[in-house]
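Enquirer: What follows is each chain in one-letter form.
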Amino acid sequence: MKAKIHITLKSGILDPQGKAIEHALETLGFKNACNVRVGKYLELELRETTQDRAEAEVKAMCEKLLANTIIEEYRYELAS
Amino acid sequence: MNFGVIVFPGSNCDHDCVHVISSVLGQKATPVWHKETTLTGLDAIILPGGFSYGDYLRTGAIARFSPVMGAVKTFASEGGMVLGICNGFQILLEAGLLPGAMLRNQSLSFICKDVHIKVENAATPFTGLCESGQVLKIPIAHADGNYYTDPVTLAALQANAQIIFRYCRSDGKVTPEANPNGSLDNIAGIRNAEGNVLGLMPHPERCAEDVLGNDDGRVIFLSMLDALKKASLQPKTVVA
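In the order they appear, the protein sequences are chains R and Z. Each residue of the first sequence is one higher than the one before, starting from 1 at the first, in this note's numbering. Each residue of the second sequence is one higher than the one before, starting from 1 at the first, in this note's numbering.
Keep in mind that the hints were calculated from the coordinates and are not lab data. Virtual Cβ for every residue (Gly too), placed ideally from N, Cα, C. A portion of the hints provided could be inaccurate.
To be verified - Residues from chain Z shown here face chain R by an in silico Cβ test under 8 Å; the list is partial:
hint	residue
1	Arg104
2	Val152
3	Leu228
4	Lys230
5	Ser232
Stated by the list, open to error - Stretch-level coverage of chain Z by chain R, calculated; a stretch enters the list once three of its residues show a Cβ under 8 Å from a Cβ in chain R:
hint	stretch
6	52-63
7	80-87
Said to hold, decoys possible - Calculated lysine-lysine pairs in the DSS-like style (CA-CA distance at most 25 Å, straight line):
hint	chain 1	residue 1	chain 2	residue 2
8	R	Lys64	Z	Lys35
9	Z	Lys73	R	Lys64
10	Z	Lys113	Z	Lys137
11	Z	Lys73	Z	Lys113
12	Z	Lys73	Z	Lys173
13	R	Lys59	R	Lys19
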């Protein structure tokens, strides 16, 4: 099973990288771009075929190591 | 007194700390490799600056799971004095030994320069020889020093006098302009509720001798030594 994990700063926490990119986009004429958030994307293979168990494991990984839930939020997709 | 200096892969201020403890303070400094699980005969522990595990994922995120951190946690829970400098502070945050987290500097730049910090609480084992409100000039060198915590935790830090150092001007005024990295409430250093664990972003070990042109950092190490002597704590053996 394959997991695709996205980690971003929580909404409400200033994302200076996102701000800088938003400003650059605006300068380039992309006036419609707003609220740019920069994050991390992780892909991993799981030696687990049960959806429920895989999900529980990915969630535990995010909580324990991959995300710092004081400042970050995460979401993931699982595909076989 | 015997100061343990934890050495993670990527630590780069460990030798500076060992030098200050041994050559400036005239005390014993024991480098402790991160694979150790037992801490024997240490009176205090220093987590030095650097880039442990290359700062991969987040600063301190991987170092906090180093084998030695179990023993460091036990040492702290038994009241042992733990000082985290820069990356050491980041590791203490990730390990949950101090509250909050570090965000990227607001400017997005790695900042390496002298800053002024105000001693907000001189009644701690780390600042006991300081005057309350004393201004120290100490260098910072970091990309992730923008301290953040939720409003409830911040209020608790303020109420319990856990904010030990704030970025300030040379005259001691705490202003937004004196804040180099966007840190909440100009926080440069905090301690835990029990008072025996301190983390700070500035590097006191880089300015602890006259020959370097600045010895403002020395008072922090001298305060620790003074507190240890006063408490005359017995060396501990801690097993994770």
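Enquirer: Checking against the hints above, which ones are violated?
Expert: 2, 3, 4, 5, 7, 11, 12, 13
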